[in-house]
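Asker: Take a look at the letters that make up each chain.
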Amino acid sequence: MTSHQTITVLLHHGFIIYAHLWLIPLAPFVGFLVNGLFGRHLPKWLVTTVALLASLASFLYVVVDGPALVSAVALKADAPFVETFGQWINIGTLHVDFIFVLDELSLVMLLVVTGVGFLIHVYSVGYMGDDEGYARYFSYLNLFLFFMTLLVLAGNALVMFVGWEGVGLASYLLIGFWFQKTSAADAGKKAFIVNRIGDFGFLIGMFLLLANFGTLTFTEIAAKLAYPGWQGGVVTVIALCLLLGAAGKSAQLPLYIWLPDAMEGPTPVSALIHAATMVTAGVYMIARTHVLFDHSPFALSVVAIVGAATALFAATIGLVQNDIKRVLAYSTISQLGYMFLGCGVAAYSAAIFHLVTHAFFKALLFLAAGSVIHSIGGEQDLHKMGGLWRRLPVTFAVTTVGVLAIAGFPPFAGFFSKDAILYAAYLQGANGKALWFVGLVTALLTSFYMFRLWYLAFLGKPRGETAPHHSTPWSMLGPLTILALLSICGGWIGIERSAGWINMERFSGFLAPAVGARAAVGGSTQLELMLSAAAVAVALLGWLLAYLFYRQKSTLPAQLADALPGGYRLLANKYYVDEFYGATLVKPLLAISTYFLGWVVDKALLGGAAWLLGGVATFSGALLQRWQSGNIRSYAAWLAAGAAAVLLFLVVPWPAVLASLSAFHLGAAGH
Amino acid sequence: MNSFLAQEVPISWYLLLSAVLFSLGVAGFLIKRNLITVFMSIELMLNAVNLSFVTFAHEWHAVKGQIFVFFVMVVAAAEAAVGLAIIIAVFRARATLAVDRIDLMKL
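From first to last, the protein sequence lines are chains A and B.
Final position of the first sequence in my numbering is 671; the numbers increase by one with none missing.
Final position of the second sequence in my numbering is 778; the numbers increase by one with none missing.
Please keep in mind that the hints were generated in silico from the structure rather than gathered at the bench.
Just so we're clear, the structure is a prediction, and the values are computed from it rather than from any experiment.
The beta-carbon is built from N, C-alpha and C at its ideal position, and this holds for glycine as well.
Some hints could be false.
[Said to hold, decoys possible] Going by beta-carbon spacing under 7 Å, a handful of chain A positions derived as facing chain B:
1. A617
2. G630
3. N631
4. I632
5. R633
6. A636
Only chain A is shown next, with the shape it has when bound in the complex (with noise of 0.2 Å):
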């Protein structure tokens, strides 16, 4: 119905637009069955084209329909565009569509995840290329593609949930690719199991809107929330088991554990699933039931505390990790936490800002990284790198980029994005100034390593073999570029001029109907160029101290790490997280399973009744075996004996018998 709408105002203003949302999944799907199904039959060259064509579709598809669609529908009323393809549940008072919604909060994360995932397609190119696997990495990446794309333009929980579990199961996939490696394998477990954790969060959310609302569908719920009286009590409980779930897609303490593990993948995969996309999830998923979050404060300022104290927490982590991708990889959990804390500050644009110039900033380090692990051969420890700027001269220029994005200077994409979260968080309320002050100690600590990375790798005189074994491809250089500029000038989407001045409101404006606009409270314009100056301040201090400590006197952190022995170790083993969860709850969950579950439940209690069932049968039929055996004159004596039962119940008149039988006993007991 939406759609004949949308047609008809369209034809008002002189040109048509189809709306077909469906296709948008659709390509990569269908890229996933042909290179599935046939892949391993098929020339390289073919399934190469099959995937970049299936991912390039649908990003095309956004860039030309999305933003005219948004804006069409926006022109005519004020609401989403929705496309309903018909029922899918209906049991009782349970209606659930197949619907998709079609806003500026999931157009602006299509085409992060449509355009990010086609330049992680083109660069896998070259990575992947002289891969076993080639075809089953292109369609696990198309079937990641088709599952992200079908989360984003979800119209209800359920849809969403669909698209959720996908995305865990390409990630599942592609993290354990190299599955011939013991460690792939687990890592790919690690993923999925403590995904489970959140995923119960979010169904027990859903269950319970449900239950309370009686609808999933995001628009209803808003519709319903309207309404005075939902504040507090069970809006909470559905908003932080939903939290939860968020908290497990987007590694965020305590579930952030599988992140670090997942680097176990592909670079590429990395970058794309657990840096670009998949991980943001639970942000959009957050500002897509923002509604819920608005209408419980105390959700809110858990979903700001869980996501400034992973920020700090995989920052401190992410201080002393020896191999590349790890580095990058709490990096990446801490600047999800950079987004929570936006989100837990009700600056939904903020941390979508954020998610967005993070996407390009993060894929653009994370595919430098897989650039110089391609071209020395597979080396990933920092320490035996060094001095690659001469030999990886434009991997050198986009990881310069990456790293000075990430790290928040003007005039690249992070500073924009860092920046509005950190203003947002500074103002809201009696907790904003320490929210913002672990934010900025985060930053500082974010310049810190990342320009760790980049004079241990990069600068310096070379360690260990770092020739290059490989030239690296176009199909590799070609996105890095791409990104790079992306990361320079992704953060100018924030900037608008109005009454002479610029501000940076540009991006929450267009983000404002699906997200709700945020009141800044005391906020202005000097406030907010003052954090910038300070956020820009421990940046470049952060910078000064890497300098110091990796680049003029290369004994320091060794120094440091003798004067503070306790600390070091406790970082470098990760706050022992792994080992307490390995203790408190892998040991337990291990021997409940072996010794009551095992050895009582399933020996005992399922053997023991399945060897009673079978000895009852056993049994009886050694019995009844007996009666057929084959002598015909056996037979031919029960058929007469049954006969003659037969006669006797039918002929004898029992009640009178029995009547007469009973006479006879009073009689004798009368004499």
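Given the coordinates of chain A, assemble chain B onto it according to the supplied hints.
Answerer: Same frame as chain A, now just chain B:
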């Protein structure tokens, strides 16, 4: 004397005879070991049933019972032909007609 001859045999006598014959047939079927004797016992049971059919048909002046007897006789004749053929085949295969020893479907 006249009255004695004129008197009909009571129905119960026929039925009693039928029951006795049937019981003899059952007993023969169960006791006898030779397949041919068993076969003859079956014929005896059939004929005992035929007798009671005819008795009731006469008693109630209904012709259905007599028609039924013809059917039984036709089936019995067919059965005899098939049965004897089977007996011969069994004897050829096993060289015995003792039912106790013919207790397996396959050799």
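Asker: Do the numbers back the hint for A617 of chain A, that is, is its least Cβ distance to chain B under 7 Å?
Answerer: 24 Å, violated
Asker: If you take the shortest Cβ to Cβ gap from I632 of chain A to chain B, is it below 7 Å?
Answerer: The hint holds - I632 of chain A has a Cβ within 7 Å of chain B, the shortest such distance being about 5 Å.
Asker: At a threshold of 7 Å, is the proposed contact between R633 of chain A and chain B supported by beta-carbon distances?
Answerer: Constraint on R633 of chain A satisfied, holds at 6 Å.
Asker: Answer holds if the nearest beta-carbon of chain B is closer than 7 Å to that of N631 of chain A; otherwise answer violated.
Answerer: 5 Å, holds
Asker: Closer than 7 Å between Cβ atoms is the bar; does A636 of chain A clear it against chain B? Give me holds or violated.
Answerer: Holds, about 6 Å.
Asker: Close enough to count: is the Cβ of G630 of chain A nearer than 7 Å to one in chain B?
Answerer: 4 Å, holds
In summary, the one numbered hint that this structure violates is 1.
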